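Engineer: Sequence:
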Amino acid sequence: MAIKNMNAAAVKNTTTATRALDGDMTVDEFKEWLKRFDMDKDGRISRQELQRAIKAIRGRFSSWKSSRGIRAADIDGDGYVNEDEIDYLIDFAQKSLGLRIVAY
781 MAIKNMNAAA VKNTTTATRA LDGDMTVDEF KEWLKRFDMD KDGRISRQEL
831 QRAIKAIRGR FSSWKSSRGI RAADIDGDGY VNEDEIDYLI DFAQKSLGLR
881 IVAY
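Position 3 of the sequence shown, counted from 1, bears residue number 783 in the working numbering, the numbering being contiguous throughout.
Because the hints were derived from the structure by calculation, they are not lab data. Hints should not be assumed to be uniformly reliable.
Here are the in silico distance ranges between beta carbons for each label pair [as the list claims (entries may be wrong)]:
id, residue 1, residue 2, range
1, Tyr884, Arg851, 26 to 32 Å
2, Thr806, Gly857, 27 to 33 Å
3, Lys815, Arg880, 15 to 21 Å
4, Lys815, Ile855, 17 to 23 Å
5, Asp856, Lys815, 25 to 31 Å
6, Arg851, Asp818, 27 to 33 Å
7, Gln828, Asp867, 19 to 25 Å
8, Arg838, Asp804, 15 to 21 Å
9, Glu809, Asn862, 15 to 21 Å
Quick caveat: nothing in here was measured; it's all calculated off a predicted structure. Yeah, the Cβ is synthetic: ideal placement off N, Cα and C, and Gly gets one too.
Generate the whole structure from the sequences, applying the supplied hints.
Structural biologist: Written out as structure tokens, the structure reads:
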């Protein structure tokens, strides 16, 4: 069974994201969930990290969508999404990934 091969963090990431697909996720919940994919803990989300997040919600075409997400949110052009650019990534996640992210 595939889930046996997943580590506890991967299962938690998938569970949190799946719950979000079934209902609303707050902005803070989205940020905390996304931080779990910040593998190098630099406070920024790379294309590869975003791709992992998209895969965790069982998103199709994760490579293509992660590239689009970075392009949509990376205002300063450094190839990463930082805290100042997170609102652009939230907008992308709502429009392109079907996540419902609310302010409260």
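Engineer: For each hint, tell me whether it holds in the structure or not.
Structural biologist: These are the hints, each one checked on the structure:
no. : hint                          : result
1   : Tyr884 <-> Arg851: 26 to 32 Å : 29 Å, holds
2   : Thr806 <-> Gly857: 27 to 33 Å : 29 Å, holds
3   : Lys815 <-> Arg880: 15 to 21 Å : 19 Å, holds
4   : Lys815 <-> Ile855: 17 to 23 Å : 20 Å, holds
5   : Asp856 <-> Lys815: 25 to 31 Å : 20 Å, violated
6   : Arg851 <-> Asp818: 27 to 33 Å : 19 Å, violated
7   : Gln828 <-> Asp867: 19 to 25 Å : 22 Å, holds
8   : Arg838 <-> Asp804: 15 to 21 Å : 18 Å, holds
9   : Glu809 <-> Asn862: 15 to 21 Å : 19 Å, holds
Consistency note: the structure conflicts with the earlier hints numbered 5, 6.
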